[in-house]
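Trainee: Below, each chain spelled out in residue letters.
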Amino acid sequence: MRLGALVRKEFLQIVRDPSSIAIAFLMPLFLLALFGYGVSLDAERVPLALVAEAPSTDSAEFFAALGGSPSFAPRTMDSMVAAERALLQGEVDGIVRLRADFARASRDANGAPVQVLVNGIDTNTARLVQGYIEGAWSAWLAARAARDGGALAVPVDIAPRIWFNGELRSRNYLVPGLVAIIMTLIGALLTALVMAREWERGTMEALLVTPTSMSEVLLGKLAAYFVLGTGGMLLSVALAVWWFEVPLRGSFWVLWAAASLFLLAALGMGLTISTLARSQFVAGQVAILATFLPAFLLSGFMFDIGSMPPVVQALTHLVVARYFVAIVQTLFLAGDVWAVILPNAAALAAMAALFLGLTWRKSRKRLE
Amino acid sequence: MSGDAPVLEATGLCKSFVFGKRVTVALDAVDMRLVAGRVTGLIGPDGAGKTTLMRLAAGLLVPDAGEVRVLGRDATAESLAVQAELGYMPQRFGLYEDLTVAENLELYADLQGVPRATRAARYAELMRMTGLAPFTRRLAGRLSGGMKQKLGLACTLVRPPRLLLLDEPTVGVDPVSRRELWAIIDHLVASAGMSMLLATAYLDEAERCADVVLLHEGRVLARGAPRALSAAVAGRVWQVSAPGMAPRELQDALSRAPGVADALVQGEHVRVVTREAAPPTLAESPSLRADPVAPRFEDGFVDLLRQARSDLARDIDMGPPRHAVDADDTRAVIRVRGARRRFGTFWAVDGVDFSIARGEIFGLLGANGAGKTTLFRMLCGLLPASAGRLEVAGFDLRRASAVARARIGYMSQKFSLYGNLSVAQNLAFFAAAYGLHGAERAARIAWAESTFDLADSAAQLAGLLPLGYKQRLAMACALMHAPEILFLDEPTSGVDPLARREFWLRINALARRGVTVLVTTHFMEEAEYCDRVAILAAGRLLALDAPAALKARARNAALPEPSLEDAFIALIQAHEQRVAS
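Residue numbers (this note's numbering), protein chains in the order written: chain D, 118 to 485; chain Y, 29 to 609.
By construction, these hints were calculated from the structure, which means they are not laboratory data.
C-beta: ideal position from N, C-alpha, C; glycine also.
Any given hint might turn out to be false.
[As the list claims (entries may be wrong)] Between beta-carbon pairs, the in silico distance windows are:
#, chain 1, residue 1, chain 2, residue 2, range
1, Y, A586, D, R481, 48 to 58 Å
2, Y, A145, D, T347, 35 to 45 Å
3, D, P460, Y, T52, 43 to 53 Å
4, D, F420, Y, G48, 37 to 47 Å
5, Y, E153, D, L414, 52 to 62 Å
6, Y, R147, D, F420, 50 to 60 Å
7, Y, G422, D, Q206, 52 to 62 Å
[Stated by the list, open to error] Chain D regions said to be covered by chain Y (calculated; three or more residues, Cβ under 8 Å):
#, stretch
8, 127-136
9, 309-322
10, 326-335
[Unchecked claim] Calculated cross-link-like contacts (lysine to any residue; reagent style SDA-like; alpha-carbon spacing at most 25 Å):
#, chain 1, residue 1, chain 2, residue 2
11, D, K479, Y, F45
12, D, K479, D, V124
13, Y, K442, Y, S44
14, D, K479, D, R395
15, Y, K49, D, E485
16, Y, K442, D, Q397
17, D, K479, Y, K442
All chains, full assembly: derive it from the sequences and hints.
Mentor: Listed below in structure tokens is the structure:
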């Protein structure tokens, strides 16, 4: 009866408090829209300046090949001076310069040097631009060799095939990872805030003098926010699959089970924070710094863990979201790969047990 | 358990708290026993240790030494069993503001394990007792302060406890709601034989208790029947007046006179407690008239406190005023004509007219929701009026509120100080905020430190100061720019009576120098210090008169000596009857 009353109270509060609704439902929608539409790690229509010191049919052909790629939005410029100014002013992200002897040297045994200048401030785009231009260059060479009747003298032929995300859409791995971010928000941030609110408004003191035990208070919160977090998970998965058309290749039920484990760990973190910080302001700050930001930056949701420095890589093992991101990305894009799912799920279970156990031990029915 | 056994017994109870390197002793070897079936008052200023004692009794804190037994059980070792039989209403009772009145009751009934069969009858009784029946579907957050307290009490009582602990149930509650709360408390003791421990900082509430325990700085100063405390000063309490001397002037002179333990303005008289059983005398006024009067609880308390502490400032010198103010200039400093203020469709202030003369102390009273705070904020220039004209220090607030604000000092109940800055840093900040610099700033800060005895604690953090010092510092900050007008919002609620007296001596000294003072308060003792009092109800002025005249209006056969609170309640009730009919 007491537990039921506490859970009912939590739901009434959630329904009537616009800020919990906003964090639980509007924030996920906002994040999904942002990452589904706005943020993209692909280079598309990169502005490029093309300079041919002595225009010829060869240079025109090469430029046409670059212009045909969806990756670039090239502009031909008359002089290197103008192109450099455009790069400085941020109008273009790169310059391709063909020297005056391009037409002759490109048929030479030594080959023709092509100068590529890339704005390296945004390293990710710079690297992509560099790679795309190299690709365009070799494609153009091959095409010309075929037309001229001779084969290109390249000893190795690369035949790339991309698995799991054939179209290379960054949305396909960002959106599944978002499920982890959204559940961190609901599980850790919202739970830490509502627990701190009980202390701040003095409702906790009134609860403590009733025969209610501390475990009932904690279980009431866990149950209510578990349901809310599951709702956030279902909402994000539904939008991912039906709206953003991200394939879900693994089993939905495995996803559900992994999400539940992760949610328990996130709730455990939220409750742990609230036993330490009893004001909403501090609890909010700590929850953002200790759970949300690491989930964003160090979980592999956006930035590949493999390319981080070893120290940071070691640190990511402390980030609960990391294990869940590995599971969701695998489930969505590859399928039920047990070799990935099982060890990560075990880590999630251990984290959940750790944080919930910590809360259990820390919260006594006392005010100090 | 026999009827004579104490329902609560504390022996050698000690509790201290550690904040950083500072140790605060909240309770120091407290012994007390609570007799069953009575209201025992736990009386003391803020910081005396009342809340700590209540929390120890409710098993929410663990004592450092000693023990507290509640209903025959150790409250620390068997806290769950004690909590099952106890009712405890913390100072800010945990109402869930997003839940309705009925949902709050239902939640506490579930948590307390009240059987479903008995609930309907219990709810009906509680709603009738608290008068909340028409509001069961309203969100608790939308109730007025008094109604919230009554709902908190109802939630605590949903399972009738044997012992009820009430921590300052009447703080922030207007006099009408306060009287209603006391009616409920008296009814519970009389009809259900409940035992109660009620903490309060209001000394007039002590007289309503069967027993009192006086706490001061964590120690029990006295205990027993309130009458016994006032009996200690019997024959030493006088009502004094002197021809040709204003009560405030007389009070100032008397409080310096030898042999006087306490002097307090009360309407047109000064109430004096002497050290010996002889009437007070004043060298400068031989025609002093002193009539013996019956002692009150506060007289006894203050006398006790004076013996416990001798460090109090009695000779108050506020220093020379910064602006030459002509105290004889009686032109109005604050003028309010037809002031109205609307929130949505609701007129919080609905046509108010009054003016306040230079050097006047003016009180603004009213029940919760009467429009006091709105009017106060309009006068401070924080809220524009919807209609009407407000003039402060000769400036129209609609056009020159920033200029007018520079002439105003403001001090609130919560003391708007920066707790993690030192005393000197707070003073320097407020001096800079008021635009003082160079030699003038240094002079004002020096003035503040010497006038308010803050020089010794200049390096201390403001947040760690004792309450009385915090109040001095807040006042020093409010007066930093030598304002002509001082706005006070419940300035002495919860402060011990000696600190309150010191505060009002300072205010009196300022008023004599021509500073105009506007006070809003629920605290009738503060209203007694005012020259005139305005009582607001439903956004309109219900009465505007001197406290003595207001009291005279309420005088009748049943109440030959009405207090200001009686007068206030009579006015509000008469108004409510007029509205209802």
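Trainee: Next, verify each hint and record whether it holds.
Mentor: Taking the hints in turn, this is what the structure says about them:
Taking the beta carbon of each, A586 (chain Y) and R481 (chain D) are about 54 Å apart, inside 48 to 58 Å as hinted. In this structure, A145 (chain Y) and T347 (chain D) meet the distance hint of 35 to 45 Å, their C-beta atoms being roughly 36 Å apart. Hint check: P460 (chain D) to T52 (chain Y), Cβ distance near 51 Å, so the stated range 43 to 53 Å holds. At about 40 Å, the CB distance of F420 (chain D) to G48 (chain Y) agrees with the hint of 37 to 47 Å.
Against the hinted window of 52 to 62 Å, the Cβ-Cβ separation of E153 (chain Y) and L414 (chain D) comes to about 58 Å, which satisfies the hint. Distance hint for R147 (chain Y) and F420 (chain D): a CB-CB separation of about 57 Å, consistent with the stated range 50 to 60 Å. At roughly 59 Å, the beta carbons of G422 (chain Y) and Q206 (chain D) sit within the given window of 52 to 62 Å. For the stretch 127-136 of chain D, the stated coverage by chain Y holds: 4 residues have a C-beta nearer than 8 Å to a C-beta of that chain, and at least 3 were required.
Counting residues of the stretch 309-322 of chain D whose C-beta lies closer than 8 Å to any C-beta of chain Y gives 6; at least three are required, and the coverage claim holds. Against chain Y, the stretch 326-335 of chain D contributes 5 residues with a C-beta closer than 8 Å to a partner C-beta. That satisfies the three-residue criterion, and the hint holds. Of the supplied pair hints, the one linking K479 (chain D) and F45 (chain Y) holds, its CA atoms being roughly 19 Å apart against a limit of 25 Å. For the given pair, K479 (chain D) sits about 22 Å from V124 (chain D) by alpha-carbon distance, which is consistent with the 25 Å threshold.
A hinted pair counts as satisfied when its Cα atoms are at most 25 Å apart, and K442 (chain Y) with S44 (chain Y) qualifies at roughly 24 Å. A threshold of 25 Å between alpha carbons decides the hint, and for K479 (chain D) with R395 (chain D) the separation of about 13 Å falls inside it, so the pair holds. Pair hint K49 (chain Y) plus E485 (chain D) holds up; C-alpha atoms about 17 Å apart against a cutoff of 25 Å. Using a Cα cut-off of 25 Å, the hinted pair K442 (chain Y) and Q397 (chain D) holds, with the two alpha carbons roughly 20 Å apart.
Between K479 (chain D) and K442 (chain Y) the CA atoms are separated by roughly 33 Å; this puts the pair beyond 25 Å, and the hint is violated.
In summary, the structure is inconsistent with hint 17 from the numbered list given earlier, while agreeing with all the others.
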